[in-house]
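Number of protein chains: 2
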Amino acid sequence: MSKGRILSIQSHVAFGYVGGKAAVFPLQCLGYDVDVVNTVNFSNHSGYGRFGGSRASAAELSQIFGIMEQNVLLHPERLLTGYIPGGEALSAITEIARKLRNRNPHLVYLLDPVLGDAGKLYVSPDVIPIYRGMLPLSTIITPNWFEVEVLTDVKIVDVSSLQRALKTLHEEYHVPNVVISSIPLRKWLLESLPPHLQPPAGYRDSDTDFLLCIASSSDSPLKGDSLSAVHTRYIPCIPGYFSGVGDLFSALVLAHYEPSTSPSASVNGSTDPGTEETTLSRAVSQALTKTHAILSLTHEYAAALPEEDRQPTDEELDVKEPERLVRRMKGRELKLVQGQDIIRNEAAVDHKNMDWWVKFWKP
Amino acid sequence: MSKGRILSIQSHVAFGYVGGKAAVFPLQCLGYDVDVVNTVNFSNHSGYGRFGGSRASAAELSQIFGIMEQNVLLHPERLLTGYIPGGEALSAITEIARKLRNRNPHLVYLLDPVLGDAGKLYVSPDVIPIYRGMLPLSTIITPNWFEVEVLTDVKIVDVSSLQRALKTLHEEYHVPNVVISSIPLRKWLLESLPPHLQPPAGYRDSDTDFLLCIASSSDSPLKGDSLSAVHTRYIPCIPGYFSGVGDLFSALVLAHYEPSTSPSASVNGSTDPGTEETTLSRAVSQALTKTHAILSLTHEYAAALPEEDRQPTDEELDVKEPERLVRRMKGRELKLVQGQDIIRNEAAVDHKNMDWWVKFWKP
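Here the protein sequences line up with chains E and R, keeping their order.
Heads up: the first sequence begins at 925 in our numbering, then just goes up one per residue.
Heads up: the second sequence begins at 925 in our numbering, then just goes up one per residue.
There's no promise every hint is true.
Identical copies carry no separate label here, and so any pair may be met within one copy or between two of them.
Below, computed lysine to aspartate or glutamate pairings styled on EDC-like, alpha-carbon distance capped at 16 Å [to be verified]:
{"#": "1", "residue 1": "Lys1023", "residue 2": "Glu993"}
{"#": "2", "residue 1": "Lys1254", "residue 2": "Glu993"}
{"#": "3", "residue 1": "Lys1254", "residue 2": "Glu1224"}
{"#": "4", "residue 1": "Lys927", "residue 2": "Glu1001"}
{"#": "5", "residue 1": "Lys927", "residue 2": "Asp1265"}
{"#": "6", "residue 1": "Lys1091", "residue 2": "Asp1077"}
{"#": "7", "residue 1": "Lys1244", "residue 2": "Glu1232"}
{"#": "8", "residue 1": "Lys1283", "residue 2": "Glu1239"}
Keep in mind that the hints were calculated from the coordinates and are not lab data.
Turn these sequences into a full structure, and let the hints guide you.
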């Protein structure tokens, strides 16, 4: 049942499930030995308003990697990097990623470029060029729409700008597999989707908001003579903000990415002849399905809490009463332990399949 | 499937399975939400010869606990403390243990007094009095025989000195549940055991070495008018040294300690009327069974490695060739991920039951 070894470089919080706490347990449940390097050691995630602890300096990180290298412990089959605070630490980790990539061309490296969300940066701008420098080392990246905009300098407002952004990532930054973890399903995007990829009309006319997940694999037989095989899936928004969802999703994409599942396997991806799937779309389908199921479970738990623990998001009230925010955050911590059967494929959940957007490149 | 919340305060290593890496995953598999505070962040365990990283200072630990307290995140049902380097950090953690104990008399606190093994201290002597001061806060302690000697100042050479040591822990330090995780089954101990608690003669006459696990619960109806209910189980030694075994064992004892499993449940333990079990003996039976099964699995893996990765322990050769030690240590990392079905009770394993040593106190 051993799936090999993953080196995970992420933030650590004592309480709750973000960064490594959201990624490592699922990876272990799925059979991976995980080497865990903590970029920070905090009490809880920053969403609580109050948080504290220490950041690992670039020197501390380099020392840990240096000893691991001397002890011949730096030979993972896979690499996962998430939130890394500050340029120096990020540079130290870029070195490691480059070393592992040079050492093993078959390394599967999932880079989650954690920069910000919904138009807000939450890292210092000096890390952006460093992330751009890391992109060519990656096998898969899992930015949200805002992080795509920041990395590519392309504002995504229509299909052609979306194409430009993906083209930039595939061709300029040589990223073989791009997963836009979420982008709001606005009118322009909805209307550009082929009907069978759109939410059912009735469902849609309700005031449910939707997000779209987009996977673009540039090394797949599906693509024909176009640039990449693009798959998408809409997901209904679950109200309220939940932390660690992206970290869980990225870990699950990496865990389920199986280049070897097809005879025509290549280093970075492949397709089963005769199917409309790619190695990437299969992995993202699994990750999306499980992440959404865990999120739904978490939402159910949160909804069952006493009223004072499930106050709606309201930043003004939060400022007046910090405890209000704290209680809400605590109530929304991911139910990973309670949902471990979902992660292990031992629970029946609604499958979210990523379907091929055949004419994405030639509407 | 939620079993409640455990605060685990232990060492962290990036590679391999000791401290928190040996304890947290099993606890999560068994349904506990685990809050993880890292006392050190090292590359790998010290057995590799080369290791590095940073220790959390008392100030860093206090800051993390301080913020958790402000955020009302310090209300676990259970507490697990393991290796803590240095007196200052230990004092900071004693404060937290005292706070949690005062806050919740039902807190189940498993204290693993990690001091040393086989006659060697591997902490600075100044922590010993601090550990003695922590003992009255605990629900269960899991020292090895050497740690019992250090804590009680009693050299264990016969049954009466063993009785004295246990008496000291129960009566002087008010520890309700003492588990001596392992003590070599020497002649004096073997011959003092009732026949049905001894290894079968044929088995014994072979050159197999045995360890004895001893559980002593001082708040149990079994004890009649004697001091405690004592249960034991012999375990055949698995050749070679494996790290993290004690950390795994302690975590499993805590995970399986269920005061509520009996109507006559007390805070610290209880017994099913009519059985010869205690809450403690049930938990230790489970922990011993699973720890031994994981260890056997690990030993099988290690035995299947290429010869250069399974060199026998030989400190002289290790000094001449450090890589030899490193390869051996790597080959002996616990197979926790591969053995997760064992932890989850989903694998058939040889049950190691802790049996009642009826006349322990009155031979």
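Status of the hints after comparison with the structure:
{"no.": "1", "hint": "Lys1023 / Glu993", "in the structure": "within (10 Å within a copy, 41 Å between copies)"}
{"no.": "2", "hint": "Lys1254 / Glu993", "in the structure": "between (38 Å within a copy, 13 Å between copies)"}
{"no.": "3", "hint": "Lys1254 / Glu1224", "in the structure": "within (14 Å within a copy, 43 Å between copies)"}
{"no.": "4", "hint": "Lys927 / Glu1001", "in the structure": "within (9 Å within a copy, 34 Å between copies)"}
{"no.": "5", "hint": "Lys927 / Asp1265", "in the structure": "between (18 Å within a copy, 15 Å between copies)"}
{"no.": "6", "hint": "Lys1091 / Asp1077", "in the structure": "within (12 Å within a copy, 72 Å between copies)"}
{"no.": "7", "hint": "Lys1244 / Glu1232", "in the structure": "within (15 Å within a copy, 64 Å between copies)"}
{"no.": "8", "hint": "Lys1283 / Glu1239", "in the structure": "neither (42 Å within a copy, 66 Å between copies)"}
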